[in-house]
Amino acid sequence: MAVLPILHHPDPRLRIKARPVVDFGESLQRLIDDMFETMYDAPGVGLAATQVGVDLRVAVMDAGGDGQPDPQVLINPVIVEASDKQEMDEGCLSVPEVGDKVQRYNKLKLQALDRHGKLYEVEVEGLRAQAIQHEIDHLDGKLYIDYLSSLKRERILKKLRKLAARDAA
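Just so you know, we're using my numbering here: the sequence shown kicks off at 1 and counts up by one.
What the hints contain is simulated information worked out from the structure, not anything from laboratory work. Treat the hints with caution; some may be incorrect.
[Said to hold, decoys possible] EDC-like mimics (lysine to aspartate or glutamate), calculated; alpha carbons at most 16 Å apart, straight line:
#, residue 1, residue 2
1, K158, D140
2, K101, D146
3, K107, D84
4, K152, D84
5, K109, E81
6, K109, E121
7, K109, E90
8, K85, E125
9, K101, E154
10, K159, E97
11, K158, E81
12, K109, D146
13, K107, E123
14, K17, D140
15, K107, E125
16, K118, D55
17, K142, D84
18, K162, E90
[Unchecked claim] The calculated label-pair distances, taken between Cβ atoms and stated as ranges, are:
#, residue 1, residue 2, range
19, G141, Q103, 33 to 43 Å
20, L119, R155, 34 to 44 Å
21, R161, D89, 37 to 47 Å
22, A42, Q86, 35 to 45 Å
Where a beta carbon is used, it is the ideal one built from N, C-alpha and C, also for glycine.
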């Protein structure tokens, strides 16, 4: 397994809409393993393939609570039901060191394929629901900052430019 470089905003590859997965072979299995390694190393709750420069509809997440690992693979995920919209704190590995509040559904039903191509359906709420929406947004070329007002978004982008300048120095 390998830790992959995570793309940071404003990298244009973060805006690409990912292609559906059709091949569940060895390269996909390696990508999934590398994505888990990268997510845990970051550390993060979820990671979409687009965040590591791969335009496939693959995301991994581990939103397990109480220190118990709960790794999940979401391939070609589709939200089939959603309810109970709430404002939630959100951050992103591709928009590092900043965060803000975003409107997300607190409950949802998801259909996706597992790493071997088997269809599954799950009902989730709270952090898991939020993480799924966040990762699906990545697969659709969206970032959480797209949901913010222009004023809040510009404040975050200004902070990101300062951080980038600091890191370059």
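Taking the numbered hints from earlier one at a time, note which ones the structure violates and give those numbers from smallest to largest. Hint check: 1, 4, 7, 11, 12, 16, 17, 18, 19, 21, 22 fail, others pass.
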